[in-house]
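**Q** Chain by chain, the residues:
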Amino acid sequence: MRSDPADYELIAPGNLQAVVSLLADEPGQWLPIAGGTDVMVQYAAGKLPARKLISIWNLPELRAIEISPEEIRIGAGCSYTELREHNVIAQEFPLLASAARWTGGIANQNRGTLGGNIVNASPAADSLPALLVYEAELILVSRRGERRVPYVDFHTDYKKMKLGPEELIRAICLGRRFSNYLHYARKVGARDAQAISKVCVAALGRLRGGVTGSVIDDVRIALGSVAPVPLRLTEVERIAKGKPVEPELVQWTRKMTSAAIQPIDDIRSTARYRSVVAGNLVAEFLQQLRGSGKTV
Amino acid sequence: MSHSFEYRGKDDRGKCELSLTVNGKPATVRVFPMERLLDVLRGELGLTGTKEGCGEGECGSCSVLMNGELVNSCLIPALQAADTNLTTIEGLAEGPQLSALQAAFLECGGAQCGICTPGMILASCHLLNKKPEPSLEDIREGLSGNLCRCTGYMQIFEAVVQALRRRAIA
Chain A
1 MRSDPADYEL IAPGNLQAVV SLLADEPGQW LPIAGGTDVM VQYAAGKLPA
51 RKLISIWNLP ELRAIEISPE EIRIGAGCSY TELREHNVIA QEFPLLASAA
101 RWTGGIANQN RGTLGGNIVN ASPAADSLPA LLVYEAELIL VSRRGERRVP
151 YVDFHTDYKK MKLGPEELIR AICLGRRFSN YLHYARKVGA RDAQAISKVC
201 VAALGRLRGG VTGSVIDDVR IALGSVAPVP LRLTEVERIA KGKPVEPELV
251 QWTRKMTSAA IQPIDDIRST ARYRSVVAGN LVAEFLQQLR GSGKTV
Chain B
1001 MSHSFEYRGK DDRGKCELSL TVNGKPATVR VFPMERLLDV LRGELGLTGT
1051 KEGCGEGECG SCSVLMNGEL VNSCLIPALQ AADTNLTTIE GLAEGPQLSA
1101 LQAAFLECGG AQCGICTPGM ILASCHLLNK KPEPSLEDIR EGLSGNLCRC
1151 TGYMQIFEAV VQALRRRAIA
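Those protein sequence lines, which keep their order, are chains A and B.
Last residue of the first sequence: number 296 in our numbering, and the count goes up by one each step with no gaps.
Last residue of the second sequence: number 1170 in our numbering, and the count goes up by one each step with no gaps.
Calculated from the structure, these hints are not laboratory results.
Quantities reported herein were computed from a predicted structural model and do not represent experimental measurements.
Any given hint might turn out to be false.
What the hints assert, rightly or not - Straight-line alpha carbon distances no greater than 20 Å define the calculated PhoX-like cross-link-like pairs of lysine-lysine that follow:
hint	chain 1	residue 1	chain 2	residue 2
1	B	K1015	A	K52
2	A	K243	A	K255
3	A	K241	A	K294
4	B	K1131	A	K52
5	A	K47	A	K162
6	A	K47	A	K159
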């Protein structure tokens, strides 16, 4: 059943101060809406529980991308198009640029925002594995001020997150320290555009031992669509570190990956398919890493 | 209540008065702030060239340009379109003179049932504005958010190439 617009309130205060002030005075009463690519879909289906919405689209405080020598700070209200078109993101954080390119089509990329993707908290969101491997930190803002938290444990369970009812994500920070890593990303879905992933992976790796070195110096692997939250495979990473990329390690990692995830059967795929494909993708990543020449 | 964000002329039913520029002309509408831009265009402004397909941002039939950016008008609440500049399919032809893209879609069989066509043409328009000399891969990506169940897409890609060729000659 389609929603009746007469039943809904929407306001647009136009600046961040006014938004966080209202969220503080009436916590949990107002649902922030940015580009609407998730909220308006629920609304169209008559499944939006909130009746009062507050627009944060185009708030200048949420749109900036700031670069310092140490990090890039991406405003939570930046669209996928802005992520795709940004030089530093394209060059130093290609996993995020790829995820932005895979999300929806051009029209949705013009409206969907990185902050919105995080709070919508879909385990299938393509950008979240990238944030995990880059060890992103989030700046949360409320009327009381800002706090900075690691993204890694922000999502605690399916659609659950450590965000107060009076808080907004203000920015996403990525450290600029991955230039000599292999950046690997794959999405497996029915088609590139407008298809939610069956499995997606983002991974970073670096070898040691000179240009022909094959010992894993550092590795980070994260998967989407295989658990209630985007998952970083920390145990697999820990054991792979310091070992040479040999067929036995690849084989072992493939098995460990399938064991570490909790995929489900749903409209897009099956648990069995996801489990096999996730293992294959991690194996493919390690094989690429072996020949990559990315060494310390 | 300490907060007041009243809309211009908000009435007791909750409707508000919004100003927009549509196809170069100023327009004022009285609508609910959560009304979909798609319904404002079709219902309030009578611009029925913009089509509703899925109504959930999957198919691109309702694509329009908002401040030059391609958007799905089914996902835009009216309030977020206030004071923006919109281009719909009705804004492309000049009088009886079709735009190069419109003419090319006709010539190449890029339009069959016609439901996806306005969105396809606006997505093509957006692509050519951003990338005046797109590759075939760029064209495929630029139109990847617009679904067509008739043509199989090849005639649509051909139409965009044809419009480019025409422009190069002109």
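**Q** Run every hint past the structure and note whether it holds.
**A** Evaluation of the provided hints:
1. B:K1015 with A:K52: holds, 14 Å
2. A:K243 with A:K255: Distance ~16 Å between K243 of chain A and K255 of chain A Cα, so the pair holds.
3. A:K241 with A:K294: Measuring from Cα to Cα gives roughly 15 Å; hence the hint holds.
4. B:K1131 with A:K52: Roughly 39 Å between the alpha carbons, so the hint for K1131 of chain B and K52 of chain A is violated.
5. A:K47 with A:K162: violated, 23 Å
6. A:K47 with A:K159: holds, 15 Å
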